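Residue-level listing of the chains:
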Amino acid sequence: MRSLPLMAIAALLAFSPTAQAAEEGKRITVKGEAIDTWCYFSGVMGGPDAVVGSAHHTCALWCSAGGIPVGLLAEDGQVYMVLKIENDDQSNGGDTQMSIASHVITADGMHYQRDGINYIVVSEVVADDDIQVLNHEDYGPVPSMAIREPKK
Amino acid sequence: MKTACAIACLIAAPLVAQDFSANSEARSWNLYAEVPARFEATVVDPLCLLTGDCPDNCGDGKRQLALVRSADDAMILPLKNSQPAFSGAANELQPFCGELVEVDGLMIEDPDLNATNIYLVQKIRKSGDADWIKANRWTKDWAAAHPEAKGKGPWFRRDPRVKAEIAREGHLGLGLETDEAFIKEWFE
Numbered sequence: 001m002r003s004l005p006l007m008a009i010a011a012l013l014a015f016s017p018t019a020q021a022a023e024e025g026k027r028i029t030v031k032g033e034a035i036d037t038w039c040y041f042s043g044v045m046g047g048p049d050a051v052v053g054s055a056h057h058t059c060a061l062w063c064s065a066g067g068i069p070v071g072l073l074a075e076d077g078q079v080y081m082v083l084k085i086e087n088d089d090q091s092n093g094g095d096t097q098m099s100i101a102s103h104v105i106t107a108d109g110m111h112y113q114r115d116g117i118n119y120i121v122v123s124e125v126v127a128d129d130d131i132q133v134l135n136h137e138d139y140g141p142v143p144s145m146a147i148r149e150p151k152k
Numbered sequence: 153m154k155t156a157c158a159i160a161c162l163i164a165a166p167l168v169a170q171d172f173s174a175n176s177e178a179r180s181w182n183l184y185a186e187v188p189a190r191f192e193a194t195v196v197d198p199l200c201l202l203t204g205d206c207p208d209n210c211g212d213g214k215r216q217l218a219l220v221r222s223a224d225d226a227m228i229l230p231l232k233n234s235q236p237a238f239s240g241a242a243n244e245l246q247p248f249c250g251e252l253v254e255v256d257g258l259m260i261e262d263p264d265l266n267a268t269n270i271y272l273v274q275k276i277r278k279s280g281d282a283d284w285i286k287a288n289r290w291t292k293d294w295a296a297a298h299p300e301a302k303g304k305g306p307w308f309r310r311d312p313r314v315k316a317e318i319a320r321e322g323h324l325g326l327g328l329e330t331d332e333a334f335i336k337e338w339f340e
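Protein chains in written order, with the numbering used here: chain B, 1 to 152; chain Y, 153 to 340.
Simulated from the structure, these hints should not be mistaken for lab results.
Careful, some of the hints might be misleading.
Claimed, not checked - Using 25 Å as the maximum straight-line C-alpha spacing, the simulated SDA-like pairs for lysine to any residue come out as follows:
no.: 1; chain 1: B; residue 1: 152; chain 2: Y; residue 2: 329
no.: 2; chain 1: B; residue 1: 152; chain 2: Y; residue 2: 327
no.: 3; chain 1: Y; residue 1: 214; chain 2: B; residue 2: 113
no.: 4; chain 1: Y; residue 1: 214; chain 2: B; residue 2: 152
no.: 5; chain 1: B; residue 1: 31; chain 2: Y; residue 2: 265
no.: 6; chain 1: Y; residue 1: 278; chain 2: Y; residue 2: 176
To be verified - Here are some of the chain Y residues that sit facing chain B, going by a computed Cβ distance under 8 Å:
no.: 7; residue: 176
no.: 8; residue: 180
no.: 9; residue: 183
no.: 10; residue: 232
no.: 11; residue: 243
no.: 12; residue: 267
Note that the coordinates shown come from a computational prediction; the quantities given were computed from them, not determined experimentally.
From the three backbone atoms N, C-alpha and C, an ideal C-beta is built for every residue, glycine too.
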């Protein structure tokens, strides 16, 4: 093989990872908790079980208001970064995303995956089951300064 | 044969893990899975890139922004700016929408949590610029947007939306009665 025809080279490159466009979206329905993705992935406040649910709710509010991406932590452990909910594309600190902090929701939408990260564009919140993970008795407030000791 | 090898290399290049820690001056946050990373990238609107929904100026600050790294075309999602204040990175990237920049910070790579290509940005500069800009504008942006919440203490204790939500549902999000009982027991 002294040289490859130009068309063959073009065809090979077209299927290489760099040349591929973003993956096609796929419609999914996913049930999961709306989490603060930084605390979950970084471990900055402890293990993954401590940075979800009621123990972490105040921090989830802070982080959502602070513009940290909200993710849906699905039952299989996958996290879907929420880019849009219904008609609201304010993923940087928006009211809609903040209103579901720590809630377990069922979302119908389009799933995209790029470079190991899952993204979801939610077309409909099918169900909002409020906070389901009741872990405040186990962990206390996470971080502890989330609830200040009342003045006596 | 040489041509075939060159093609194979071109195809394989992005699959080979690259080290972006060289020349990084990122400060450690002592995180389990942190890796210093300095690289050149284009600031993009991921919702636009993935779906074709592309408002002007990357959504003018409403949306999360991402970094498409020049070296391997990987889309990196910055979750955090450099402030220890529950603040994200989109405000830091917004002034550079569509531009080629250099960033320095910490990548989080934790296979146990499926964490990859997520990032804490500590400083940023337009590609070719000499001076870095610290990724710490978020609290200034918040203060400018909330003059009514001026006062002592960190922003998250004064934020009107957070205060309203806690006043409505409590710190645990389970209602005020549950909150009151828990706080009483916890601090006894």
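Here is what the structure says about each hint:
1. A threshold of 25 Å between alpha carbons decides the hint, and for residue 152 of chain B with residue 329 of chain Y the separation of about 19 Å falls inside it, so the pair holds.
2. A distance of roughly 23 Å separates the Cα atoms of residue 152 of chain B and residue 327 of chain Y; the hinted pair therefore holds under the 25 Å criterion.
3. For the suggested pair residue 214 of chain Y and residue 113 of chain B, the alpha carbons sit about 22 Å apart, so the restraint of at most 25 Å is met.
4. Distance hint between residue 214 of chain Y and residue 152 of chain B is unfulfilled; the C-alpha atoms sit about 42 Å from each other, more than 25 Å.
5. With a C-alpha separation of about 18 Å, the suggested pair residue 31 of chain B and residue 265 of chain Y falls inside the 25 Å cut-off, and the hint holds.
6. The hinted pair formed by residue 278 of chain Y and residue 176 of chain Y meets the criterion: a straight-line CA distance of about 16 Å does not exceed 25 Å.
7. Against a cut-off of 8 Å between C-beta atoms, the interface hint on residue 176 of chain Y is violated, since the closest Cβ of chain B lies about 17 Å away.
8. Because the closest C-beta pair between residue 180 of chain Y and chain B is about 12 Å apart, greater than 8 Å, the hint is violated.
9. A cut of 8 Å between beta carbons decides the hint on residue 183 of chain Y: the least distance to chain B is about 5 Å, and the hint holds.
10. Here the hint on residue 232 of chain Y is kept, as its CB sits about 5 Å from the closest CB of chain B, short of 8 Å.
11. With a cut of 8 Å, the hint placing residue 243 of chain Y at the interface with chain B holds, because the nearest CB-to-CB distance is about 6 Å.
12. Proximity of residue 267 of chain Y to chain B holds as hinted, the smallest CB-CB distance being about 4 Å (cut-off 8 Å).
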